[in-house]
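Novice: Residue numbers (numbering that gives the first Met the number 0), protein chains in the order written: chain Z, 0 to 439; chain B, 0 to 308.
Take the hints with a grain of salt, since some may be wrong.
Stated by the list, open to error - Derived DSS-like pairs: lysine-lysine, alpha-carbon spacing no greater than 25 Å straight-line:
| no. | chain 1 | residue 1 | chain 2 | residue 2 |
| --- | --- | --- | --- | --- |
| 1 | Z | Lys396 | B | Lys3 |
| 2 | B | Lys256 | B | Lys179 |
| 3 | B | Lys253 | Z | Lys271 |
| 4 | Z | Lys271 | B | Lys122 |
| 5 | Z | Lys271 | B | Lys123 |
| 6 | Z | Lys271 | B | Lys120 |
| 7 | B | Lys120 | Z | Lys401 |
| 8 | B | Lys256 | Z | Lys271 |
| 9 | Z | Lys271 | B | Lys3 |
| 10 | Z | Lys396 | Z | Lys271 |
| 11 | B | Lys122 | Z | Lys396 |
Said to hold, decoys possible - Covered by chain Z, per the in silico footprint, the following chain B stretches (three or more residues, Cβ under 8 Å):
| no. | stretch |
| --- | --- |
| 12 | 105 to 119 |
| 13 | 126 to 137 |
| 14 | 164 to 172 |
These aren't lab readings, by the way, just hints derived from the structure by calculation.
Since the model is a prediction, treat every value here as computed from it, not as a measurement.
Note that CB positions come from ideal geometry on N, CA and C, so glycine has one too.
Chain by chain, the residues:
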Amino acid sequence: MKWLVNGRLFDGELLREGLCDLVIDKGRVAKIAPAGRFVPPEGATRIDLDGRILAPGFIDLHAHLRDPGQEWREDIISGSRAAAAGGFATVVAMPNTDPPIDRSSLVRYVLERGQSAGAARVLPAGSVTKGRHGQELAEMWFMANEGAAIFTDDGLPVSTAHLLRTALLYADDLGMAIMEHPEELSLTKDAQVNDGPCAARSGLKGAPKAAELIAVERGIALAKDTGAHLHLTHLSAKESLEAVRRAKKDGINITCDVTPHHLTLDESLIEKSGYSAAYKVNPPLRTAHDLEALWEGLADGTVDAIATDHAPYHLDEKDLPFQEAASGIASLECAVAVVLDAWLKRGKPFGIERLLRLFTAGPASVLRKSDLGRIEEGSVADITALDIGRERRVEAKRWESKARITPWEGAALCGWPVMTMREGKVIWVDGDSRLHAERD
Amino acid sequence: MPWKRKHLIDVDDWEREDFELLLEQTSNMDSILDRSIKKAPALRGKIVVNIFYEPSTRTRTSFEIAGKLLSADVINWTASGSSAAKGESLRDTIWTLEAMGADAVVIRHGEVGVPYYLAEKLKKASVINGGDGTHAHPTQALLDLYTAWRELGSLDGKKVAIVGDILHSRVARSDIYAFKAVGAEVCLSGPSTLMPTDINSLNATYEPNIAEAIDGADVVYMLRIQRERQDAGLFPSLDEYHKRYGLTDKLLGKAKKGALVMHPGPINRGVEIASSVADGPQSFILKQVRAGVAVRMALLYLMLGGVKE
Ligand SMILES: [Zn+2]
Numbered sequence: 000m001k002w003l004v005n006g007r008l009f010d011g012e013l014l015r016e017g018l019c020d021l022v023i024d025k026g027r028v029a030k031i032a033p034a035g036r037f038v039p040p041e042g043a044t045r046i047d048l049d050g051r052i053l054a055p056g057f058i059d060l061h062a063h064l065r066d067p068g069q070e071w072r073e074d075i076i077s078g079s080r081a082a083a084a085g086g087f088a089t090v091v092a093m094p095n096t097d098p099p100i101d102r103s104s105l106v107r108y109v110l111e112r113g114q115s116a117g118a119a120r121v122l123p124a125g126s127v128t129k130g131r132h133g134q135e136l137a138e139m140w141f142m143a144n145e146g147a148a149i150f151t152d153d154g155l156p157v158s159t160a161h162l163l164r165t166a167l168l169y170a171d172d173l174g175m176a177i178m179e180h181p182e183e184l185s186l187t188k189d190a191q192v193n194d195g196p197c198a199a200r201s202g203l204k205g206a207p208k209a210a211e212l213i214a215v216e217r218g219i220a221l222a223k224d225t226g227a228h229l230h231l232t233h234l235s236a237k238e239s240l241e242a243v244r245r246a247k248k249d250g251i252n253i254t255c256d257v258t259p260h261h262l263t264l265d266e267s268l269i270e271k272s273g274y275s276a277a278y279k280v281n282p283p284l285r286t287a288h289d290l291e292a293l294w295e296g297l298a299d300g301t302v303d304a305i306a307t308d309h310a311p312y313h314l315d316e317k318d319l320p321f322q323e324a325a326s327g328i329a330s331l332e333c334a335v336a337v338v339l340d341a342w343l344k345r346g347k348p349f350g351i352e353r354l355l356r357l358f359t360a361g362p363a364s365v366l367r368k369s370d371l372g373r374i375e376e377g378s379v380a381d382i383t384a385l386d387i388g389r390e391r392r393v394e395a396k397r398w399e400s401k402a403r404i405t406p407w408e409g410a411a412l413c414g415w416p417v418m419t420m421r422e423g424k425v426i427w428v429d430g431d432s433r434l435h436a437e438r439d
Numbered sequence: 000m001p002w003k004r005k006h007l008i009d010v011d012d013w014e015r016e017d018f019e020l021l022l023e024q025t026s027n028m029d030s031i032l033d034r035s036i037k038k039a040p041a042l043r044g045k046i047v048v049n050i051f052y053e054p055s056t057r058t059r060t061s062f063e064i065a066g067k068l069l070s071a072d073v074i075n076w077t078a079s080g081s082s083a084a085k086g087e088s089l090r091d092t093i094w095t096l097e098a099m100g101a102d103a104v105v106i107r108h109g110e111v112g113v114p115y116y117l118a119e120k121l122k123k124a125s126v127i128n129g130g131d132g133t134h135a136h137p138t139q140a141l142l143d144l145y146t147a148w149r150e151l152g153s154l155d156g157k158k159v160a161i162v163g164d165i166l167h168s169r170v171a172r173s174d175i176y177a178f179k180a181v182g183a184e185v186c187l188s189g190p191s192t193l194m195p196t197d198i199n200s201l202n203a204t205y206e207p208n209i210a211e212a213i214d215g216a217d218v219v220y221m222l223r224i225q226r227e228r229q230d231a232g233l234f235p236s237l238d239e240y241h242k243r244y245g246l247t248d249k250l251l252g253k254a255k256k257g258a259l260v261m262h263p264g265p266i267n268r269g270v271e272i273a274s275s276v277a278d279g280p281q282s283f284i285l286k287q288v289r290a291g292v293a294v295r296m297a298l299l300y301l302m303l304g305g306v307k308e
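If we strip away everything but chain Z, and leave its shape as in the complex, we get:
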């Protein structure tokens, strides 16, 4: 049993006035009351949050845990621990592994490995197609029954409009969404950067924003046609956000997420860094203009979630000249701070509640998990404690993740998670935070 005191409670929707105390028992929130209102339950471990924010455990919709098959980059254990250390109580593992997660036995493998990590809950995303070959639908019903949380061929878009339409209908029957990686591949062959100023000046092959927009529009048309729920992941371009905004106005069943890197980095940094591969990612970093549009999308509710697209690589695949290096930014352990820090530096352009929903209720609704992303009496005791005032440097060598290259290396960021709890167990606590909690 645990007794959390003096937290500022964000319940998934609203930040409550004053400080709260919480009793956690048997993995659930047993009691919530204004601070100092009840006597401590006998034998409960007291954790004093000292005014920090107490939020539902954060949910990352999109992370590459590379397991099975590419464990030199990451595995489910290291990935799950990295998620916990980043403030995430739940992480959705992408299925583009080797073999891809395209059947129930592999879904079970991911769940069981995640369970044994004893850190963040790992929810497997299943492939839309068998082998991720883009030919035939994978056994989604079997996978859903085993515990798959969403379906995606991420890394690639669903190969054809016909297949995407079929997948949407089939997943809708199961009460689940399809997550789409929007990219029109005929426009992005060999692309390395955004097709903008950086491509012009470097000669690197550019991926035009239209490549994303075409796939976004395709998805919107099919979501409209089927009425099924399509989730568009890692949107990076202004035009994509505009399309989603219009679609939502028209009542189409569309959700989307953006990443911490597209919210904070733009393509000019590639040149400024001397073509450092730390900035190489797909979709590529866009212009400062697009970055602003993403923030507008957060502010007006067009964006439903912030997802990391954590893409860890071994040093030998990333510490290379730009063109040879693998695409992907690793961020699980600093993603929340990256976003909070940017939100603070921008002068808090919208309320903290909206920001926190993007890590909690927002992703929970994409996953259709009504038991996650909120705190109330009786709910699952997934909790993230946040210290908005805390400043810390990003040091990848101290990460739980196996990734060691990140564009934020050395950056002093303000606003960090300090404790992550899953089902009432403390799965991570920041040892330097002076928060007195013991890991379970």
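Using the hints provided, position chain B with the ligand relative to the given structure of chain Z.
Specialist: Frame of chain Z, contents of chain B with the ligand only:
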């Protein structure tokens, strides 16, 4: 003004004074080329290593001669390796060179950004970019600049037209920076399919009509057209390209009288340039080659802190 730059990766961060100092120094080196005994002792005891991951006999030989004329020991490192293994072997190569005591490393590589990577990994030696992918070719830009400057004097207000495949041209990118920095105006021409989408960020004007682009130009710079661009569907045929964008005597008549015709070589006769123009009185193509040696001597001299004769 003393020379402060450790590496030459691109000229996009050079000031006008840097270019001027380099031009003066190149002039001095140029006069050495006229002597009957062309050797100077300025870089005795210095080691210059050429690593060329992309074959380019021209550029490599030019660096080799430049280093040798200044008495440096020039080593040509033969680089090879599969694409996937290239990066790793590059890292190992760099550390090996460092251990052997290289003072300068000249690198030519087919990928953008490799010289930056090299400079980041090397602790002591200077890096000279001999061309990285489609990005930059700073020594080519410097020799082009020197060739034009020697002939025209001040380049303030002069018009330079660069014609052809800008999209894939490291030469064009570096030339734009260099010519703009010394006061020239630069106009680009060629089909839109061979231009970057965001052409405005190249800091030059774009005129699709070649006759307009070279109208009144002091320098007409023709870029090499590669057949693989046709294969990639960026233009329909070399024949059509030549009819639309090839430099003929008639077209050259649009430029200023006596305008310099330049080309980074090797030329495709009958594609980007007609033979009569390439071999004609306005062609500076071979002068560019000679300037290449002088410019590289000047650079090595400045960068390796050569002693005065
Ligand atoms: Zn993706």
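Novice: Next step is simple, just say for each hint if it's right about the structure.
Specialist: Tested hints:
1. Lys396(Z) <-> Lys3(B): The given pair, whose Cα atoms are some 34 Å apart, is violated under the 25 Å limit.
2. Lys256(B) <-> Lys179(B): holds, 22 Å
3. Lys253(B) <-> Lys271(Z): violated, 40 Å
4. Lys271(Z) <-> Lys122(B): holds, 20 Å
5. Lys271(Z) <-> Lys123(B): It holds: about 22 Å lies between the C-alpha atoms, which stays within 25 Å.
6. Lys271(Z) <-> Lys120(B): holds, 17 Å
7. Lys120(B) <-> Lys401(Z): The hint holds at about 22 Å.
8. Lys256(B) <-> Lys271(Z): It is violated: about 42 Å lies between the C-alpha atoms, which goes past 25 Å.
9. Lys271(Z) <-> Lys3(B): The hint holds at about 20 Å.
10. Lys396(Z) <-> Lys271(Z): Holds - the C-alpha atoms of Lys271(Z) and Lys396(Z) are around 24 Å apart, at most 25 Å.
11. Lys122(B) <-> Lys396(Z): holds, 22 Å
12. 105 to 119: Holds, because 9 residues of the stretch 105 to 119 of chain B bring their Cβ atoms closer than 8 Å to Cβ atoms of chain Z.
13. 126 to 137: Holds, because 3 residues of the stretch 126 to 137 of chain B bring their Cβ atoms closer than 8 Å to Cβ atoms of chain Z.
14. 164 to 172: holds (count 5)
In this structure, the hints that do not hold are numbers 1, 3, 8, in rising order.
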